[in-house]
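Participant: Read off the chains here:
There are 2 protein chains.
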Amino acid sequence: MRVIGVIGGGQLARMMIGPAIELGFELRVLAETNDSSARDRATTVGDFRDLDTVRSFAQDVDVITFDHEHVPSDIIVALEDAGIAVRPGSAALAVAQDKIVMRRILEELGHPLPVWAVAETEADVAGFLEANGGRIIAKAPRGGYDGKGVAVVTDAAQVAEWLDGGPVLLEEMVDFSRELAQLVARRPNGETAVWPAVETTQANGVCAEVILPAPSTDGRIIEMAAVLGRQIATDLNVTGVLAVELFETTDGRLLVNELAMRPHNSGHVTIEGSVTSQFEQHLRAICDMPLGSTGSRHPWSVMVNVFGAMDLGRYSRLTQSSDVKLHNYGKEPRPGRKVGHVTATGTDVVDTASRARAVAEIFHADI
Amino acid sequence: MRVIGVIGGGQLARMMIGPAIELGFELRVLAETNDSSARDRATTVGDFRDLDTVRSFAQDVDVITFDHEHVPSDIIVALEDAGIAVRPGSAALAVAQDKIVMRRILEELGHPLPVWAVAETEADVAGFLEANGGRIIAKAPRGGYDGKGVAVVTDAAQVAEWLDGGPVLLEEMVDFSRELAQLVARRPNGETAVWPAVETTQANGVCAEVILPAPSTDGRIIEMAAVLGRQIATDLNVTGVLAVELFETTDGRLLVNELAMRPHNSGHVTIEGSVTSQFEQHLRAICDMPLGSTGSRHPWSVMVNVFGAMDLGRYSRLTQSSDVKLHNYGKEPRPGRKVGHVTATGTDVVDTASRARAVAEIFHADI
Numbered sequence: 000m001r002v003i004g005v006i007g008g009g010q011l012a013r014m015m016i017g018p019a020i021e022l023g024f025e026l027r028v029l030a031e032t033n034d035s036s037a038r039d040r041a042t043t044v045g046d047f048r049d050l051d052t053v054r055s056f057a058q059d060v061d062v063i064t065f066d067h068e069h070v071p072s073d074i075i076v077a078l079e080d081a082g083i084a085v086r087p088g089s090a091a092l093a094v095a096q097d098k099i100v101m102r103r104i105l106e107e108l109g110h111p112l113p114v115w116a117v118a119e120t121e122a123d124v125a126g127f128l129e130a131n132g133g134r135i136i137a138k139a140p141r142g143g144y145d146g147k148g149v150a151v152v153t154d155a156a157q158v159a160e161w162l163d164g165g166p167v168l169l170e171e172m173v174d175f176s177r178e179l180a181q182l183v184a185r186r187p188n189g190e191t192a193v194w195p196a197v198e199t200t201q202a203n204g205v206c207a208e209v210i211l212p213a214p215s216t217d218g219r220i221i222e223m224a225a226v227l228g229r230q231i232a233t234d235l236n237v238t239g240v241l242a243v244e245l246f247e248t249t250d251g252r253l254l255v256n257e258l259a260m261r262p263h264n265s266g267h268v269t270i271e272g273s274v275t276s277q278f279e280q281h282l283r284a285i286c287d288m289p290l291g292s293t294g295s296r297h298p299w300s301v302m303v304n305v306f307g308a309m310d311l312g313r314y315s316r317l318t319q320s321s322d323v324k325l326h327n328y329g330k331e332p333r334p335g336r337k338v339g340h341v342t343a344t345g346t347d348v349v350d351t352a353s354r355a356r357a358v359a360e361i362f363h364a365d366i
Numbered sequence: 000m001r002v003i004g005v006i007g008g009g010q011l012a013r014m015m016i017g018p019a020i021e022l023g024f025e026l027r028v029l030a031e032t033n034d035s036s037a038r039d040r041a042t043t044v045g046d047f048r049d050l051d052t053v054r055s056f057a058q059d060v061d062v063i064t065f066d067h068e069h070v071p072s073d074i075i076v077a078l079e080d081a082g083i084a085v086r087p088g089s090a091a092l093a094v095a096q097d098k099i100v101m102r103r104i105l106e107e108l109g110h111p112l113p114v115w116a117v118a119e120t121e122a123d124v125a126g127f128l129e130a131n132g133g134r135i136i137a138k139a140p141r142g143g144y145d146g147k148g149v150a151v152v153t154d155a156a157q158v159a160e161w162l163d164g165g166p167v168l169l170e171e172m173v174d175f176s177r178e179l180a181q182l183v184a185r186r187p188n189g190e191t192a193v194w195p196a197v198e199t200t201q202a203n204g205v206c207a208e209v210i211l212p213a214p215s216t217d218g219r220i221i222e223m224a225a226v227l228g229r230q231i232a233t234d235l236n237v238t239g240v241l242a243v244e245l246f247e248t249t250d251g252r253l254l255v256n257e258l259a260m261r262p263h264n265s266g267h268v269t270i271e272g273s274v275t276s277q278f279e280q281h282l283r284a285i286c287d288m289p290l291g292s293t294g295s296r297h298p299w300s301v302m303v304n305v306f307g308a309m310d311l312g313r314y315s316r317l318t319q320s321s322d323v324k325l326h327n328y329g330k331e332p333r334p335g336r337k338v339g340h341v342t343a344t345g346t347d348v349v350d351t352a353s354r355a356r357a358v359a360e361i362f363h364a365d366i
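Chains as they are written, first to last, in numbering that gives the first Met the number 0: chain C, 0 to 366; chain A, 0 to 366.
Simulated from the structure, these hints should not be mistaken for lab results. Treat the hints with care, since some could be wrong.
When the alpha-carbon atoms are kept at most 20 Å apart in a straight line, the in silico DMTMM-like pairs for lysine to aspartate or glutamate are as follows [as the list claims (entries may be wrong)]:
1. A:Lys330 to C:Glu25
2. A:Lys330 to A:Asp347
3. C:Lys330 to A:Glu25
4. A:Lys147 to A:Glu129
5. A:Lys330 to A:Glu360
6. A:Lys138 to A:Glu257
Source: prediction; values computed, not measured.
Using the sequences provided together with the hints, build the complete structure.
Facilitator: What follows is the structure, encoded as structure tokens:
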């Protein structure tokens, strides 16, 4: 029996449960609360910032992986020092955990980035604002997700409070035509697998829709994204799934926006859309098992997030949408909360997207 | 939270776990042993023949369903009398639990059957043998599965021991060109959904391979099977998934071989092959939720059972088969035991089958 320990009990851990069962692995989850999304496999409930809690959870597993990037790096290093297999490892994770480190290392490696700088003072911000058109992005280096810790800035004073907490990452407002994401899986032995790049649409800084593959008049962008994703996974020695969020600029370049070293919202579409889902592939990769095919099962797959509530009572309204698949994260309703997603597949992208949106709308409760 | 109780902890219950999680249902399993295939959700370990055990398991669930057909009918009736929703219900299940009852009722309903009779004495057997070419099939009416309780008979004395236990079902040796299975799902409100009929191949009386859809020179057989399956599900008031095992005779007729009122080995191929798998559909049906599309995701899908052992150590040999999906039932190895299955999908049936067989062969341990 291969035993996999997942730190974090969110929907990413939850969506690993099904594939783990089919592959014959035992999945154990260290969850934050009793009612976590992955509560079915939560063998421990405790604080992932507490070394003893994490060490005790990790001692009987074959490999440790993550539902999120917020585990303190000293804890991850302590696990590795104790001889525990942690995938991705601490060195790779450090790049995903701190956006300033990420920018520095990707720049050293020569990967295409937006114009960026580190601000320590309001004067730094003012200077960067002036050099970049008076409108920039500020990012807290650590702890952000789903649009939290990111702000559009037109006046240095807006960043004052953040600067009290330490350096802030500044970036140009990229003139992009759309956002893409490149998913890559990589094994400890170096084998990689890439899915076709997806197009992502955000609403209020949060991923709302994903189209697999990214619609393209030619294959050049898909090919560029695959090469870039594979190279970053290899450069950073990532194990497991890596999501590279990308800007496609109006002049035809790709710039790296963010990295996530785990299954990612942009990859949920692979559950139905691909021969191997990101969740199965992540488990195969961290167990150093041959990777699965990333071929598509359908010409088009479209995922739409469900925010707010996904209550079972609404399932009865689904009669007209028998080909759209539901994924319920088992979370309490809350306005704006990601509580599930739906995926449609088909041969026409416009029709496929409209079917997925119609079902998501059924669940998009007015709470 | 919708709570589903499954009686029986085999691989069918196991393969319901993933879909239940994605739909947001809570699945609970009454398993026979601590190391059952569905142990991850085994909230009770006990004897399904003990009324108190079953009643206690059932009292807090919204609906009871089954991993097998061996629960005594008086227990099922007792649950219904206590107001518990049992799907399929006792009246339908009675037809699947006793092969003589099944033959009687299907004959009354006018469905096409092999020539059959009930034997109570060796003289009955001898008479049926003489009338049917000297070579017949004898079946124990209850408790058989996977070829157990079925025998080819050429001499009445072969059945003597079975007759001591009660009446035995006798059937002609059907002159069939191949075996098919028709899967149907039906909700309490009467809505049905049929997948395309599959072709099944048995080895030593046990399902070995399944092809979706059943290869056919014309669509007539597929259409006949769908009509028949839908009619039987409706006639018997089945709720959940029904598998109708069929003979296609050399003269182009379909005859009903067996019925199973639950997800069935012939439907495992729907996990990858269909928009909605039999396991998801069974849960939707018993929860009286609109049924999902039974459309195919690929032109061809082929499932091959793995017998004996499916150990994780062999996963490293899968490099050349990245598009074949593994399903490991988490069972201890034993010669001839169904321990898992693999499914390949593709555009050419010969190629697809050969890929699935090659992977199954990797796991087919010499134990």
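Participant: Against each hint, give a clear statement of whether it holds in the structure.
Facilitator: Hint-by-hint comparison with the structure:
1. A:Lys330 to C:Glu25: holds, 13 Å
2. A:Lys330 to A:Asp347: Not satisfied, since the Cα-Cα distance of roughly 32 Å exceeds 20 Å.
3. C:Lys330 to A:Glu25: Holds, at roughly 13 Å.
4. A:Lys147 to A:Glu129: With a Cα-Cα distance of about 25 Å, the restraint between Lys147 (chain A) and Glu129 (chain A) is violated, given a limit of 20 Å.
5. A:Lys330 to A:Glu360: holds, 18 Å
6. A:Lys138 to A:Glu257: holds, 11 Å
Checked against the numbered hints given earlier, the structure breaks hints 2, 4 and satisfies all the rest.
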